[in-house]
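Following the hints, put chain B in place on chain A, whose structure we already have.
Protein sequences appear in the order of chains A and B. The numbers in our numbering rise by one with no breaks, and the one at position 27 of the first sequence is 27. The numbers in our numbering rise by one with no breaks, and the one at position 182 of the second sequence is 182.
Because identical chains share one entry, a pair is satisfied inside a single copy or across any pair of copies.
Straight-line Cα separation of at most 35 angstroms, DSBU-like style, residue types lysine-lysine; simulated pairs: (1) Lys406 / Lys374; (2) Lys330 / Lys374; (3) Lys186 / Lys144; (4) Lys120 / Lys108.
By construction, these hints were calculated from the structure, which means they are not laboratory data. Predicted, not measured: the structure shown is a model, and the values here were computed from it.
Protein chains: 2
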Amino acid sequence: MDTGRKIIIVVMDGLGDRAVKELGYRTPLQAATKPNLDWFARNGTSGCMDVIGPGIRPGSDTSHLAILGYDPFTVYTGRGPFEAAGVGLMGKNGDIAFRCNFATVDHKMDVLDRRAGRIKEPDTGELVKALDGLEVNGFEAVVKEATEHRAVLLLSGSGLDPRVTDADPHAVAKVQTSRPLVPEAKRTADAVNEFVRRSYEILDAHPVNVRRRMEGLLPANVLLPRGAGTFPDLEPFRKKHGLAGSCVAGVSLIKGICRVCGLDIVEAPGATGGLDTDMASKANTALRELERKDFVLMNVKAADIVSHDGNARRKIEVIERLDSMAGILKDGLPEGAAIAFCADHCTPVTRMDHSGDPVPLTIYSETSIKDGVKSYDEVSCASGALGRTRGKDLLPIMVDKVDRSKKFGA
Amino acid sequence: MDTGRKIIIVVMDGLGDRAVKELGYRTPLQAATKPNLDWFARNGTSGCMDVIGPGIRPGSDTSHLAILGYDPFTVYTGRGPFEAAGVGLMGKNGDIAFRCNFATVDHKMDVLDRRAGRIKEPDTGELVKALDGLEVNGFEAVVKEATEHRAVLLLSGSGLDPRVTDADPHAVAKVQTSRPLVPEAKRTADAVNEFVRRSYEILDAHPVNVRRRMEGLLPANVLLPRGAGTFPDLEPFRKKHGLAGSCVAGVSLIKGICRVCGLDIVEAPGATGGLDTDMASKANTALRELERKDFVLMNVKAADIVSHDGNARRKIEVIERLDSMAGILKDGLPEGAAIAFCADHCTPVTRMDHSGDPVPLTIYSETSIKDGVKSYDEVSCASGALGRTRGKDLLPIMVDKVDRSKKFGA
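This is chain A alone, in the form it adopts within the complex (with noise of 0.2 angstroms):
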């Protein structure tokens, strides 16, 4: 193993932000009381960084692909796999996987409830016995439970197309025959809607759901498939970087992304990818797994989940958590390390979702220049000697900042 200078990337999601009237035409960045943070952009090099590309707005799972070096206009092929992966599914390239809800439908295949009463663990791990392993068309099911109602579907097989129309009607209504969007996915939305019609089979006469009508819930007979994707053929995080990295995330979805780009996956005690996470907890789990790995990406999910609320004031508390969690970081940094500080995205609190602005970013390590920014926010780090950065281009630039990068000639 590797015993060379370490990296951490500490995304903290949606933190970025517009000019906010409320806050006298500051972000919620500038608006806020951020000691640690401003340390890093003092004695670090900053700058501003299109994600994705400029006024591209990214979703999250694409905004990491970059992030961890990948380009998502290649490599990304629809959230599915990466919800799979981040219940544990793992596929190989070819497979695909479908995000779905375990619903309740009556006799003629009519949704009643497209949550099947909320239905959660340990009801959901049961029915998923059901249905793990199934044989359908050829292809092989495999099926996990995910949060509360959802579930995840594996399909493999050779001849698979994920251009196949979803199962799931949205809405209170009949269940949707799966149809194929080109004529080489007939094989694979016949499977779908096999698939539908056994899990009906299978569920409606289960034991869970028989005492789940005794006790006047609503059983969960059908488990209905959306959202296909093919699991993406990436290169191996550690090939393409040279690091045995790992994952510190609260959120399942960037968990699976992490997983699907070939990062060991840490639990932080307390993390739970909402507004009540354990900041502490998740960088002493940072610090700690740097001690046997090269790189550790870190995701705090709290800032977006306020932004998408708009509310500008729990943003700012947010972020002055985030400061407390950056102190944690300052001070167990270990020797030699670089690390990054940047968001996916900006969420802005006035648009109330993700957009296209470039997120600050600051690089701190003991060797970086010092560019005489003296906050970590939008304007300030825009400022700084990093200019305008790409994200796709951070993973190459704090390896070559921890002396790791190979020379490209001679």
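Then chain B, alone, in the frame of chain A:
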């Protein structure tokens, strides 16, 4: 029709410049008084923009294609089709457009005057009628008069190829035989030569020329094509960017580019494309147009004209008139709109022609982050939070600023 937030891009043609000795090594923008442009710089976010790429010296056609979000390296096929579209002659992909001069020749086809005694309307309009609709070697020729002694020729039909040389000798010399530059262009070159022959046959005895000779004027007895270009197959602007758009411009070439991209062309009363243009009228026309459209591109030519003359003092005067126009736009800007001020290229007064220097860019909307830039000029803008951007990224950035961008990923 979408009634989302609006976008204006104001292209101040040839505005950017270099340090001018007689201005104490300031640029004309640095030397001018321009409170309104500076207001946008103070309240918006600024940067500098390589309209095509660093060091690449744009034409007005390639630069406007880039600003409209198209890649000129892929789509640009020559100026001819845009000149044709500028006078209202739209071809389809595969048609070939030529710029033409009415000229005076003797019976040996020696050019006596390349501008036929500076003939103009209404004579050119009369002569064009005699040529429009001719069939030459199986192709249809559509002819339309343009400004002064100019006209445009459109050949349509199957198997055309623009790789042919000009019939116009570009000098007082013999009319050139158009030659194919590749074997596939032979039929096209033959058609050009046949068209020139027929134009002489028809025009030499035309009553307009009989009259001109009697009045002691040179006859316009031939039409000489040059600058063959295929009509490009552009993705319509509305489909590409999701915006219904219009163009307010005085110059025919700019109108042509916008028309080919699928923008509507709106005439502003008093807009001439010259120094005498009514800039207030242009601003008011653009604002009125935004009441029913999503997007307006404005082009004002004046700064480019004085720059080609090398006159720094007059450039400052033009800038001060442009600033008044910016004041009208400031007062009338629709709520939630985003506006960009830029140039299509620099035209340094010391060079008296276009240069490849980046142009100053300011983008303003209410939620713009305030980056401390206080003046709209080449130096101040370059220190702004937008950093160094590219022309083709401007429209995606603007679309995102008004929250109309699509998410890439989930």
